[in-house]
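J.: Required output: the full structure, derived from the provided sequences and hints.
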Amino acid sequence: MADPKIRIERVSKLFGPDPQAALPLLDTDASKAEIMEQTGSIVGLRNVDLDIAGGSIFVVMGLSGSGKSTLIRHINRLIEPTAGRILVDDTDVVSLSKAALRELRLHRVSMVFQNFGLLPNKTVIDNIALGLRFAGATNSRARDLAMEQVERVGLKGFEKQYPRQLSGGMQQRVGLARALATNAEILLMDEAFSALDPLIRHDMQSQLLELQADLKKTIVFITHDLDEALRIGDQIAILNDGSLSQCGTGEEILLHPADGYVKRFVRNVDRARVITVSAAARKMPTITCAEISIDKIARLLSAEDAQAVFIVDDEGQPTGAISATSVAHHTDDSYWRDPKHVLPVTRVSYDTILANALSDVAESEAPVAVVDERGRMIGAISRQSALEAMAGTNGPSNSAKC
Amino acid sequence: MADNFPDLIDMRAVRSAIDGWFNGIVSSYGQALETAFLPVLRLLNGIEDFLLWVPWFVLIPVVALVSFAATRDWRMPIAVIVMLFLTGVLGLWQPAMATVALMLTATLFAIVIGIPVGILMSFSNRLQAVMLPVLDVMQTMPIFVYLIPFVMLFGPGKIPALLATIVFSVPPLVRLTNLGIREVNPEVIEAVTAFGATPMQKLFAAQLPLATPTIMAGINQTTMMALSMVVIASMIGAGGLGYEVLQGIQRLDVSRGLFAGLGIVFLAIIFDRLVQAYGKRVQKHLEAGNT
Ligand SMILES: Nc1ncnc2c1ncn2[C@@H]1O[C@H](COP(=O)(O)OP(=O)(O)OP(=O)(O)O)[C@@H](O)[C@H]1O
Ligand SMILES: [Mg+2]
Chain A
1 MADPKIRIER VSKLFGPDPQ AALPLLDTDA SKAEIMEQTG SIVGLRNVDL DIAGGSIFVV
61 MGLSGSGKST LIRHINRLIE PTAGRILVDD TDVVSLSKAA LRELRLHRVS MVFQNFGLLP
121 NKTVIDNIAL GLRFAGATNS RARDLAMEQV ERVGLKGFEK QYPRQLSGGM QQRVGLARAL
181 ATNAEILLMD EAFSALDPLI RHDMQSQLLE LQADLKKTIV FITHDLDEAL RIGDQIAILN
241 DGSLSQCGTG EEILLHPADG YVKRFVRNVD RARVITVSAA ARKMPTITCA EISIDKIARL
301 LSAEDAQAVF IVDDEGQPTG AISATSVAHH TDDSYWRDPK HVLPVTRVSY DTILANALSD
361 VAESEAPVAV VDERGRMIGA ISRQSALEAM AGTNGPSNSA KC
Chain B
1 MADNFPDLID MRAVRSAIDG WFNGIVSSYG QALETAFLPV LRLLNGIEDF LLWVPWFVLI
61 PVVALVSFAA TRDWRMPIAV IVMLFLTGVL GLWQPAMATV ALMLTATLFA IVIGIPVGIL
121 MSFSNRLQAV MLPVLDVMQT MPIFVYLIPF VMLFGPGKIP ALLATIVFSV PPLVRLTNLG
181 IREVNPEVIE AVTAFGATPM QKLFAAQLPL ATPTIMAGIN QTTMMALSMV VIASMIGAGG
241 LGYEVLQGIQ RLDVSRGLFA GLGIVFLAII FDRLVQAYGK RVQKHLEAGN T
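Protein chains in written order, with the numbering used here: chain A, 1 to 402; chain B, 1 to 291.
Calculated directly from the structure, the hints in this document are not laboratory data.
Only a predicted model underlies this, so the values are computations on that prediction, with no experimental measurement involved.
Beta carbons are placed, not taken as given, at the ideal position from N, Cα and C, and that holds for glycine.
Using 30 Å as the maximum straight-line C-alpha spacing, the simulated DSBU-like pairs for lysine-lysine come out as follows:
1) B:K284 x A:K122
2) A:K122 x B:K202
3) A:K160 x B:K284
4) A:K160 x B:K202
5) A:K122 x B:K280
6) B:K202 x A:K156
Which chain A residues face chain B? A few, computed with CB under 7 Å, are given here:
7) N76
8) L106
9) F134
T.: Here's what the structure looks like:
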């Protein structure tokens, strides 16, 4: 990866009376419970290495107590690490002076909280202006800048209200606007949408994605919810008892869970909504129009144990298919050279989400051809391979690292 | 009376040492202290003079209006008018105003001292550990004990009465300020910190405003304790309603004591309701903001 925006280097955090004493145990295979028993220290994070690319949404997942909040709070040093380094744009956050840390929080890193963390005694606009006021902006200037964010998050008309007068979703938009108002490049969101009901949560995700398309912030987003992670995350990291289990794109995690813990996470997910057709595609034999002969077709079908042979043109683009079941009925080479007799093929682009190709797979008699950006055939999805992909019974495991 | 506990140490010596030490302070600093507290006396007298200068037919409606503004309930001003009017009718207007002046001044000083001390306490666990037992002692010590050193330092009069009242009434405010700040929603504090607040910005933007209902409860308790001190304070020359009660006791004058007692109750009710209503309003304002 090119220079990451945020780099977490072997960060460990122990809570307890003597964290340093327990530190060596982190490198052994003692479990969190054993470390607790032996030293009285609670493992918050354990040798975590992560690179977070600028301009992306990086999601951190894990069960309750796995260290997600602890991790995100290291980035703006609400929590000090017991060991390790945290770099933000090559600034070593841990060694910052009080004043420099304050600068970082005022201008470079902002945060959105699960229960909003708004000031109940201040109006919406003054809540949004909070960071600007702390940075020393005059009241009227801070309000002007805050007003831009009010409009951005769609709260116009509510700026004079108090937080308690707003619904949860609206309160969190205030939280979001407050974080955007300081113009920080990094946005930390600790379960920012977890307190909202599902419909509002979905809306907020959409709004975040829209804003992100526009603003290209570096967002570190914590969630319990795999569907949310898969929807908004460019990269997903999974924490288990303070250690990093796996890090990769949603598809990588679904297709190749690194361990049993990750597997349990992804077990109930609607895979069709996440994986692309490429992951469900099988290699299919191809043949050019000129090459068509019954012998060759039969050989290809049996050699690759395929359901169909695809006819491709000179560019490699699929034009038709001959299925294994129908080839037996006509043993005449010229019959199959006639485009009228071959099955039509439906093509889908390789980066299509599987769910969006399912109706094609269901309707098409031949397997659906998966093509690259130039329209060349990569493979095809039969009904069977689509089902296998959704059930997660394909592919060997290989864990990707961030 | 026979005392069956052996004399392990000669307590007379200890006592005379303490007394001697204190007498030393009195003789060397008494005069200076008296001068130092002269402005306080002037303030107290100023408030009392002002309350007596305002005609009763102005003061009663003003208090009634304030009480309506605080409670938004029309029953409150009616009760205020009736109670204040009765106080006047009972011939207690002048002592009542003296008592109010003493209570207001004591509360004012209790606020000026108590809130900052409570804030400091909330910042430091160590200070809290030291202060909590001190506050316990201050609150359980019989009220009369406070009178002794103050009378010795200043002689009978309003200043020792005021100081004893402050010392007696400040602990709940310190306690509740500390508690209120410590109980502020930690997520709000975290948010404010994450947005780069300095400790002062944190205090004034988040901690104090969110602790206001608890601090108001502390102020309320302080006013009530100050009022309860007035009878005792009158023994050392504070005057006011307490003095009337005292006269009632000394002359076995039931009606005099009873009426003055009623006057104190009226004042207590009015102040209690006013401060509480204000506290509740602040609380309602703050509640539900963070679910
Ligand atoms: N201040 C603290 N003192 C002691 N232990 C702590 C502290 N903060 C966190 N921990 C412990 O560190 C571990 C990680 O906590 P953390 O809050 O980061 O988990 P999380 O993944 O955010 O969980 P959740 O999903 O419940 O928010 C937990 O075992 C927790 O008990
Ligand atoms: Mg958490």
